[in-house]
Amino acid sequence: MAAWIEILMILLILLDMVLPGLSRLSACVRAAALQGVLLGVLTLLANFDALTPRVAVLAGLSMAVKGFLFPVLLERAMKGAGVRKEVEPFVGYVTSIAACVAMLAVSLLLGQRLPLPDGGQGMPLAVPAAIMTMLTGLFIVVSRRKAVSQVVGYLTFENGIYAFGVVAVGEVNALVELGVLLDIFVAVFVMGIAIYQINREFDHIDADHLSMLRG
Amino acid sequence: MKMEIEVLFWTLLLLPAAGGAVSASLGNRRLMLGVLIASVAAWSAAVAAACARVGELGSVEAASSWLRLDALSAWHLAVMALICLLSTCYARVYFGEEMDRGGFPARQARQFCLLWGGTLSAMTLVLVSNNLGIMWVGVESTTLLTAFLICLHLSKPSIEATWKYILICSVGVGFAFMGTLLMAVSAKGTALSPEEALLWTRLWEGAAKLDPVWAKAGFIFLAVGYGTKAGLAPMHNWLPDAHSQAPAPVSAIFSGFMLNAALYCVMRHVPVLEAVPGCEGFATGLLRGFGILSILVAAVFIVFQHDLKRLLAYHSVEHMGIIALGLGLGGLGTFAALFHTVNHSVCKTLSFFAAGRLGQMYGTHDMAGMRGAMKVSPLWGAGIFGSILALIGVAPFALFMSEFLLLKAAIDSGSAVSAVLFLAGGAVVFMAALGHAIPLAWGGGEQRAGRRAGVLEAVLVVLPMAILLGLGIWMPDMLEAAISQAAGVVGGVRAFGLAGAQGGAR
Numbered sequence: 001m002a003a004w005i006e007i008l009m010i011l012l013i014l015l016d017m018v019l020p021g022l023s024r025l026s027a028c029v030r031a032a033a034l035q036g037v038l039l040g041v042l043t044l045l046a047n048f049d050a051l052t053p054r055v056a057v058l059a060g061l062s063m064a065v066k067g068f069l070f071p072v073l074l075e076r077a078m079k080g081a082g083v084r085k086e087v088e089p090f091v092g093y094v095t096s097i098a099a100c101v102a103m104l105a106v107s108l109l110l111g112q113r114l115p116l117p118d119g120g121q122g123m124p125l126a127v128p129a130a131i132m133t134m135l136t137g138l139f140i141v142v143s144r145r146k147a148v149s150q151v152v153g154y155l156t157f158e159n160g161i162y163a164f165g166v167v168a169v170g171e172v173n174a175l176v177e178l179g180v181l182l183d184i185f186v187a188v189f190v191m192g193i194a195i196y197q198i199n200r201e202f203d204h205i206d207a208d209h210l211s212m213l214r215g
Numbered sequence: 001m002k003m004e005i006e007v008l009f010w011t012l013l014l015l016p017a018a019g020g021a022v023s024a025s026l027g028n029r030r031l032m033l034g035v036l037i038a039s040v041a042a043w044s045a046a047v048a049a050a051c052a053r054v055g056e057l058g059s060v061e062a063a064s065s066w067l068r069l070d071a072l073s074a075w076h077l078a079v080m081a082l083i084c085l086l087s088t089c090y091a092r093v094y095f096g097e098e099m100d101r102g103g104f105p106a107r108q109a110r111q112f113c114l115l116w117g118g119t120l121s122a123m124t125l126v127l128v129s130n131n132l133g134i135m136w137v138g139v140e141s142t143t144l145l146t147a148f149l150i151c152l153h154l155s156k157p158s159i160e161a162t163w164k165y166i167l168i169c170s171v172g173v174g175f176a177f178m179g180t181l182l183m184a185v186s187a188k189g190t191a192l193s194p195e196e197a198l199l200w201t202r203l204w205e206g207a208a209k210l211d212p213v214w215a216k217a218g219f220i221f222l223a224v225g226y227g228t229k230a231g232l233a234p235m236h237n238w239l240p241d242a243h244s245q246a247p248a249p250v251s252a253i254f255s256g257f258m259l260n261a262a263l264y265c266v267m268r269h270v271p272v273l274e275a276v277p278g279c280e281g282f283a284t285g286l287l288r289g290f291g292i293l294s295i296l297v298a299a300v301f302i303v304f305q306h307d308l309k310r311l312l313a314y315h316s317v318e319h320m321g322i323i324a325l326g327l328g329l330g331g332l333g334t335f336a337a338l339f340h341t342v343n344h345s346v347c348k349t350l351s352f353f354a355a356g357r358l359g360q361m362y363g364t365h366d367m368a369g370m371r372g373a374m375k376v377s378p379l380w381g382a383g384i385f386g387s388i389l390a391l392i393g394v395a396p397f398a399l400f401m402s403e404f405l406l407l408k409a410a411i412d413s414g415s416a417v418s419a420v421l422f423l424a425g426g427a428v429v430f431m432a433a434l435g436h437a438i439p440l441a442w443g444g445g446e447q448r449a450g451r452r453a454g455v456l457e458a459v460l461v462v463l464p465m466a467i468l469l470g471l472g473i474w475m476p477d478m479l480e481a482a483i484s485q486a487a488g489v490v491g492g493v494r495a496f497g498l499a500g501a502q503g504g505a506r
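Protein chains in written order, with the numbering used here: chain A, 1 to 215; chain B, 1 to 506.
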């Protein structure tokens, strides 16, 4: 199974490299959703030897929420807010890709410095991929202008944490996982409503124009 | 007995949310707030019962040790009950005024009651869960539930503050979840299963075998993550915006308890880290650093503030820094930090109450337009001036006592740098805040006639003032014992009581 998990990890990293270079908002949303689906598959693969119905249901639920529900919610928020389709980043696309390469180097270095206590079960890419995904998410949050892009960044960040949880920690309690999933779901929902209200009050959702409160 | 405790726990968790839901379903707005006050009062009675049980038994557990109260969480729960009861009563006064002016429509009242009840339940969940994952869920839930309390009155600045709050706190608290996972990874080489590694009691018992590198990494993430929610610098950017834009009762529980709930989560992990071989002094060192940085950053911003609620928000950053510094010093410092928790919470609630009411009277929170508050409303003018005096550590108030103990702890433990920086920050805050407070209370300028204050308003000023003065002069034995026990949970064997400070180690 380790080989398959490694392939998934490579896919995860590739998606991280692609995300900051995408110029259309809906493509960003879909890339983050695809990541969510990959993570569901990852959960199934990581527990392949002892696949319980509980794990399967949780993985399915997480895939449905991240792969289907979030894109629908965000598309609706964008439509409601009449957003222009382009991402319009602060940091240009080429610089973003360069930043991605730097982040990948940092993640690989960190992964080498922090070996898992049980030896990582022959998955040298597991920790770097998780860290890379978190960093990409943070990068998108700070380098993008639109509120929707920032939500995509937050989702990517959460995806990274989730990936780390699956490969490094293993099975935590179902109630905890459900609670976390519910919280993230509500977070996106709440952000969606906030975007709607930002749009109504400000006539745009450029978060960089939210600058009345300073000092 | 066991059954009784289970019922008690579930009452604590569900009563506020249920109270909020019931009051939201009513038709009359004043009745809604009345029912909300009644439900919070009933919940406070349950808190008192739970604290009494903890005092008797040391700690109580329920739901197969997923829910647990010990001296530390009971202490925070007691503070929370006091703050929330006061703030809910104040909400009646504050929104009552808005209703008299034709504001606060039923839709807003429903939104407020539902979210307020939910927030209280979520904060209780943070305090009573022994499972660190569920604790995280509680903290994130408070973020989401309070988001729309900030923009209860929709306006551009309030929506901006809401957006910053949701985004910064969600990402920040995400770090804390990563930290929780890293702590679980540090337990991988031990006999603990991943499920057990999330239970605080198990993690603490097995701390001697945790992997130090992963535990340290975990604590950094936890301190940054929960520190964001607690408003520690440099992760405090959301705090002044949210506190200044939220309606005053909401600012009061934000500052009075939500920050403390997040800091409590950091406190929980300190004894675990201290017990890991090779990590001694790591967590406390980090907390000292965050504490001092917060005090200094807040001091600089306090000098330049012109908005009263933002001024108070930066005071919160400063005082969270003081509490973190106390925790970082350990021993007597932990005692001082926990004593400071109640002092700061009571004082900050009072100051936001006063800022809110005066804001309603002047129609602004800009201090340039709020002069001579003593004439406009003697009651609230005295409230704001007294509470600012207390906040900057003037002598007879309880905050002076806890800060004095903290300074003593710093000098005793030989950390002169902390003591000097703490004093320097405190001195800047003292002068700057006094410079803001004197014109606010007695400055000339156009005077408006305020309305006569009601009995409830008088109680809301006099009671916190009496607590602050009372605790500054005399500390009851029962309270001292409660704080010592709570400090014992954080500091392990190194905890001191007040007597220990006076007469050597106990």
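No lab work stands behind these hints, which were simulated from the structure alone.
All values reported here derive from a predicted model rather than from experimental measurement.
Treat each hint with caution, since some may be false.
[As the list claims (entries may be wrong)] Partial selection, computed: residues in chain B whose CB lies under 10 Å from chain A: (1) W66; (2) D70; (3) L144; (4) A275; (5) C279.
[Said to hold, decoys possible] Here are the computed distance ranges between Cβ atoms for each label pair: (6) A:V142 / B:G435: 49 to 57 Å; (7) A:D208 / B:V303: 49 to 57 Å; (8) B:L463 / A:G92: 54 to 62 Å; (9) B:M475 / A:A64: 39 to 47 Å; (10) A:G92 / B:S155: 47 to 55 Å.
For each residue, glycine too, the CB sits at the ideal point set by N, CA and C.
Agreement of hint C279 of chain B with chain A interface, Cβ distance less than 10 Å: It is violated, given that the least Cβ distance between C279 of chain B and chain A is near 15 Å, above 10 Å.
Pairwise beta carbon distance, L463 of chain B to G92 of chain A, judged against the given window 54 to 62 Å: holds, 58 Å
Is the distance from the Cβ of G92 of chain A to the Cβ of S155 of chain B consistent with 47 to 55 Å? With a Cβ separation near 34 Å, G92 of chain A and S155 of chain B fall outside 47 to 55 Å, so the hint is violated.
Given a cut of 10 Å on the nearest C-beta pair, is the interface hint for L144 of chain B held or broken against chain A? holds, 5 Å
Distance restraint evaluation - D208 of chain A, V303 of chain B, Cβ atoms, bounds 49 to 57 Å: violated, 28 Å
For the hint 49 to 57 Å, verify it against the beta carbon of V142 of chain A and that of G435 of chain B. With a Cβ separation near 36 Å, V142 of chain A and G435 of chain B fall outside 49 to 57 Å, so the hint is violated.
Hint check, W66 of chain B versus chain A [nearest Cβ-Cβ separation less than 10 Å]: With a minimum Cβ separation of about 8 Å from chain A (threshold 10 Å), the hint on W66 of chain B holds.
Given a hinted range of 39 to 47 Å, is it respected by the beta-carbon distance of M475 of chain B and A64 of chain A? At roughly 55 Å between Cβ atoms, A64 of chain A and M475 of chain B fall outside 39 to 47 Å, so the hint is violated.
A closest beta-carbon separation below 10 Å is what the hint needs, so does D70 of chain B meet it against chain A? Cβ of D70 of chain B sits 21 Å from chain A, so the hint is violated.
Residue hint A275 of chain B, partner chain A, criterion CB-CB below 10 Å: It is violated, given that the least Cβ distance between A275 of chain B and chain A is near 18 Å, above 10 Å.
Consistency note: the structure conflicts with the earlier hints numbered 2, 4, 5, 6, 7, 9, 10.
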